[in-house]
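In order, the protein sequence lines correspond to chains G and R. For the first sequence, the tail end lands on 140 under UniProt numbering, and the numbers increase by one without skipping. For the second sequence, the tail end lands on 380 under UniProt numbering, and the numbers increase by one without skipping.
Keep in mind that the hints were calculated from the coordinates and are not lab data. Given the structure is predicted, the values throughout are model-derived calculations rather than measurements. Just so it is clear, CB atoms sit at the ideal spot from N, CA and C, and this is done for glycine as well. Where hints are given, some of them may not hold.
If you want the footprint, here are the derived chain R segments under chain G, 3+ residues with CB under 8 Å [claimed, not checked]: (1) 184–190; (2) 332–344.
Computed beta-carbon distance windows for the label pairs [unchecked claim]: (3) G:Asp76 to R:Ser93: 33 to 39 Å; (4) G:Lys111 to R:Ala179: 49 to 55 Å; (5) G:Met79 to R:Ala179: 27 to 33 Å; (6) R:Asp252 to G:Lys111: 47 to 53 Å; (7) R:Gly122 to G:Val119: 29 to 35 Å; (8) R:Arg175 to G:Lys111: 49 to 55 Å; (9) R:Gly122 to G:Lys138: 18 to 24 Å; (10) R:Gly122 to G:Gln27: 19 to 25 Å; (11) G:Glu127 to R:Arg175: 47 to 53 Å; (12) G:Glu127 to R:Gly54: 33 to 39 Å; (13) R:Gly14 to G:Val140: 47 to 53 Å; (14) R:Gly54 to G:Asp47: 42 to 48 Å; (15) R:Ala74 to G:Asn130: 35 to 41 Å; (16) R:Glu123 to G:Asp128: 49 to 55 Å.
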Amino acid sequence: MSTQLPIAEGLFTWPSENPALLGSRCQSCGIADFPVKKSCMACGSEDVTTEELPRRGKLWTWTIQGFMPKRPYKSDETMETFRPYGVGYVELPGAICVESRLVENTPEQLKIGMEMELVVDTFRHDEDGNEVVSFAFKAV
Amino acid sequence: MDVAIVGIGIHPFGRTPERTGLQQGAYAARLALKDAGVEWKDMQFGFGGSASAGSADALVNELGLTGLPFINVANGCATGGSSLLSAYNAIKSGEYDIGLVSGFDKHDRGAFNADPKELGIGEWYGETGMMMTTQFFAMKIQRYMDMYNISKDTLAKVAEKAFINGSKNPNAWRRDPIALEEIANALMISDPLTKYMFCAPGEGGVGLVLCRADKAKQYNDNPIYLKGAAFRSRRYGSFEVFAPSQALEQVDGPTVDASKAAFEMAGVGPKDIDVLQLQDTESGAEIMHMAENGFCEHGEQEQLINSGATQINGSMPINTDGGCLANGEPIGATGLRQVYETCLQLRHQAGDHQVPNEPQLGYTHVYGAPGISAVTVLQR
Chain G
1 MSTQLPIAEG LFTWPSENPA LLGSRCQSCG IADFPVKKSC MACGSEDVTT EELPRRGKLW
61 TWTIQGFMPK RPYKSDETME TFRPYGVGYV ELPGAICVES RLVENTPEQL KIGMEMELVV
121 DTFRHDEDGN EVVSFAFKAV
Chain R
1 MDVAIVGIGI HPFGRTPERT GLQQGAYAAR LALKDAGVEW KDMQFGFGGS ASAGSADALV
61 NELGLTGLPF INVANGCATG GSSLLSAYNA IKSGEYDIGL VSGFDKHDRG AFNADPKELG
121 IGEWYGETGM MMTTQFFAMK IQRYMDMYNI SKDTLAKVAE KAFINGSKNP NAWRRDPIAL
181 EEIANALMIS DPLTKYMFCA PGEGGVGLVL CRADKAKQYN DNPIYLKGAA FRSRRYGSFE
241 VFAPSQALEQ VDGPTVDASK AAFEMAGVGP KDIDVLQLQD TESGAEIMHM AENGFCEHGE
301 QEQLINSGAT QINGSMPINT DGGCLANGEP IGATGLRQVY ETCLQLRHQA GDHQVPNEPQ
361 LGYTHVYGAP GISAVTVLQR
């Protein structure tokens with residue numbers, strides 16, 4: 001049984017039955033940010049706290065990545081096995097718009113305004129065979 | 001102190017394996033000096049930039065070690081605009097009378113692959129395939145088309161115009177028109193943008209000689225005056241490239257702010273401009289930048305483009321040299337290419353791509369990562 005490791009520490013709650021993205025919230029102006037930062041990108045205040053972001057939101061915009069990117073892209077794929085992937089911004093109510101890979105990857109499946117929810121799943125394997133998990137959004 | 005451009009030079013854009021980027025910059029600088037009837041030793045300062053072709057200040061090794069102060073400028077795709085603004089301020093302050101602005105570059109084939117660390121973003125952002133400028137542009141126009149009811153045909157028409165204009169410009173990289181259907185049906189890079197709707201990293205160089213306006217006629221019978229020049233970075237709430245997240249409430253981007261500032265300095269408005277160059281990293285950018293720079297309302301673009309307004313013979317000629325789509329984008333040179341082209345137009349020396357009726361006022365706009373814009377207003 002291989003171990004599941006998050007692609008980066010502090011990006012989302014992990015391990016978790018019900019994972020959520022982690023953001024920061026400025027205690028001075030109230031603005032949320034993702035990923036967690038040490039200062040507020042709106043006002044520069046360093047008085048920020050970490051909170052779990054909403055797991056559901058609306059698709060704000062999207063595209064589909066049609067070719068395999070060069071490095072720093074790092075997946076298990078080869079040029080032969082690469083499959084186009086969806087990318088979008090999801091509007092999380094009361095918080096922020098988060099950029100994410102999307103489970104859907106054809107134009108027919110995607111529409112601005114549609115309901116999306118967070119999933120955390122294996123993205124690639126590392127050198128030791130561990131599963132590296134990352135976040136994505138999928139249509140509800 | 002007002003500022004004039006008295007010498008312009010360009011090295012053809014495209015791929016030039018026999019010359020380094022630095023040599024292309026020197027080639028363009030020599031042409032600009034010749035155009036102004038001056039020598040390198042007459043230059044009191046230099047500002048220049050290159051993203052991938054070495055340090056611009058190494059130009060002194062090519063042009064001569066005269067001891068002048070030469071400062072490297074690096075501001076992404078707005079590098080050229082930033083070099084020009086630096087030179088403008090250096091002369092306007094009264095510190096210098098005359099100097100050189102240079103921009104050149106030489107990039108590898110294929111899309112730029114940025115490093116997240118340089119922008120303070122975690123490596124996961126690049127590893128998961130989200131750090132792509134192409135995706136940002138696609139997502140920005142995708143939402144814009146949804147909001148303002150703009151069709152995919154209009155995206156193809158912008159690219160079609162670029163290649164027609166490029167075919168009339170001997171210094172352009174892409175010199176052949178491409179049929180509308182071929183553009184629309186080409187390989188989809190990032191929905192809704194096909195491969196012919198994106199510019200490609202390339203090579204090229206531009207040099208400009210700037211001087212005090214009251215001395216301009218000593219150097220050139222046809223000086224072009226810099227009436228406005230402004231540079232802005234993004235404010236909180238504008239939708240920009242390389243942003244893992246963005247605000248729920250949107251505000252105007254840096255282009256809107258830079259444009260307003262440059263028009264205010266120049267004391268003219270968008271309706272007064274006779275010829276304009278707008279950052280067209282891809283087809284959608286030209287459409288959105290028409291409105292962001294104040295040349296129309298959001299949503300009016302489709303009708304304007306369909307009416308032919310943005311063509312060389314139209315009422316609002318845009319990217320008359322073929323823009324980034326036909327010239328490619330050597331980062332350090334691209335903003336200065338726009339200024340070179342606008343000077344040609346205002347001198348009425350643009351040949352086959354000349355805008356008719358002797359244009360008097362021109363406009364240039366560059367936009368780059370991570371959310372910066374530089375704008376100029378130029379007058380004959």
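Does the structure break any of the earlier hints, and which numbers would those be? Hints 2, 3, 4, 6, 7, 8, 16 are the ones this structure does not satisfy, whereas the remaining hints hold.
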